[in-house]
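Okay, here's what each chain looks like letter by letter:
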Amino acid sequence: MGQKGFYFNMLECKGCKACQIACKDKNDLKVGELYRKVMNFEGGIYPNVGGFYLSTSCNHCAEAKCVAGCPTGAMHYAEDGTVQHNKDLCIGCKYCMWNCPYSVPQYLEDKNIIGKCDTCKDLRDAGENPACVDACPMRCLKFGDIDELKKEYGTDLVNEISVLPSAEATKPSLLIKANVYALDFNYKVKEV
Amino acid sequence: MEHLALTIFSICVQAAIGIMIFVAIGRLLNKEKIFKNATIAATVLGIVGAVASLMHLGKPFSAIKALYQFGSSWLSREIWFTAIFILLAILMVVLIYAKPQNKSAISGLAAAAAVVGLIDVFFMAAIYSSSSVPFWQSIATLVEFYAATLSMGAILFLLLSIKEIAEMATMKKIIALAVALAVILQVAAVVPSLIALGASSSAAAHSSLAILGNMAVANAFKWIFILAGALLLLWMVKDELSKLVTNIVLSSTILLLVGQIVGRYLFYAAMVVTGVGLS
Ligand code: SF4
Ligand code: SF4
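The listed protein sequences correspond, in order, to chains A and B.
Each residue of the first sequence is one higher than the one before, starting from 49 at the first, in the working numbering.
Each residue of the second sequence is one higher than the one before, starting from 715 at the first, in the working numbering.
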């Protein structure tokens, strides 16, 4: 089965964080724990200034370093092409937190194990969308087969922008419709 | 607390491996020597290190599951080899007490443990250099781990076997050389890696440098202690090859150990993963 992942339309995102909250609610996360986060970056030198929003989560990487490093096999590739985490195998060694370049795995203090986005597997199995996708009022987020998403949303999609680490490391299954500031690697941006 | 558990783990296991390397060399040079204190110390340090590593886990009682992914995970490989090293060391202690006359078996175990240990240090370094932490992704990690293993092992072995090696001039030379070489390599590897970190465009690399900068006093202590310990030992071995002065050996051991421990704590404390993240 092909690689599955998220599509994010930066050009339409208004930074409302509905996806972040829907995700937090769906996964019943505690204070300080996030499986999806919306960030706001700005930068440039007057008069040439600009910014963008970025909604990120696990990128279900094709060459996931979390999977390669996990000593127990808790982090694994599921048959549907997503990267899943087996709660029964995880021993909370936190090695995946050092390995994921996107700081995705979260240590759940109350459970003593790791947690991360599972693409709302239960909802998808029931034929629905992940919670974040349906929560977005601007319809910025989609989830599906990467190749099909590319066909549907155009050829100008990227899996790496200035604030993200190099896509070479893990080959993230991520498609971003990015604005010029996000694509300018010389542009000094900072999170606000 | 987490940094502390990992510091204790890696320092203890590396010191244990280092001691075992010199026990193996010592037994090779002189078949009559037992090096009982050193062997027991290596075993105890290995066990203490393993227990400390459990403290860092969310689920210490499920630690056995970390053995499942030898084929893909550096961490899994390291846990396997640490476990085998400790088992070999325990076996040696048992034989030293139960069958001391079986010298070649004990020497064989020492050599096997030393080789397993040397490979284990490589696995340990790979855990960090293959991660997504720019500060750890340099050759300096590997060099520092081997340097710590050799220098701590040599000096602890000397302290623990001071009477047994009194007449072994070659052994004393090997020990002094090992400490000198290890410390020189350590300095030589760390300086360029810090320069490279500063030149890196990665924000995480700069955050790590900033953390190290905030802990500059501790970092200075690391180097002063390591260098002072090594110099003290060299100075003594040069002048007093025939009689080792226990107080000086003890002082240089403490200096070197404190230096390596402080350095290792900084290694963990300066951990910053690449890129923007959820946390
Ligand atoms: S984003 Fe991180 S946690 Fe998700 S698959 Fe990639 S490496 Fe693993
Ligand atoms: S914390 Fe759990 S998922 Fe992460 S590397 Fe360790 S065992 Fe694997």
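What the hints contain is simulated information worked out from the structure, not anything from laboratory work.
Treat the hints with care, as some may be off.
Said to hold, decoys possible - DSS-like cross-link-like pairs, simulated, lysine-lysine; straight-line CA separation at most 25 Å: (1) B:LYS779 <-> A:LYS135; (2) A:LYS78 <-> B:LYS886; (3) B:LYS877 <-> B:LYS773; (4) B:LYS817 <-> B:LYS773; (5) A:LYS238 <-> A:LYS62; (6) B:LYS779 <-> A:LYS159; (7) B:LYS952 <-> A:LYS142; (8) A:LYS219 <-> A:LYS142.
Stated by the list, open to error - FRET-style restraints, in silico, Cβ to Cβ: (9) A:LYS62 <-> B:ALA930: 37 to 45 Å; (10) B:ASN928 <-> A:ASP73: 47 to 55 Å; (11) B:VAL765 <-> A:GLY92: 47 to 55 Å.
Said to hold, decoys possible - Just so you have them, the derived chain B footprint on chain A, three or more residues with Cβ under 8 Å: (12) 142–156; (13) 172–185; (14) 191–205.
Using N, Cα and C, we set each Cβ at its ideal position, and we do this for glycine too.
Honestly, which of those hints from before does the structure not fit? 2, 3, 4, 7, 10, 13 and 14
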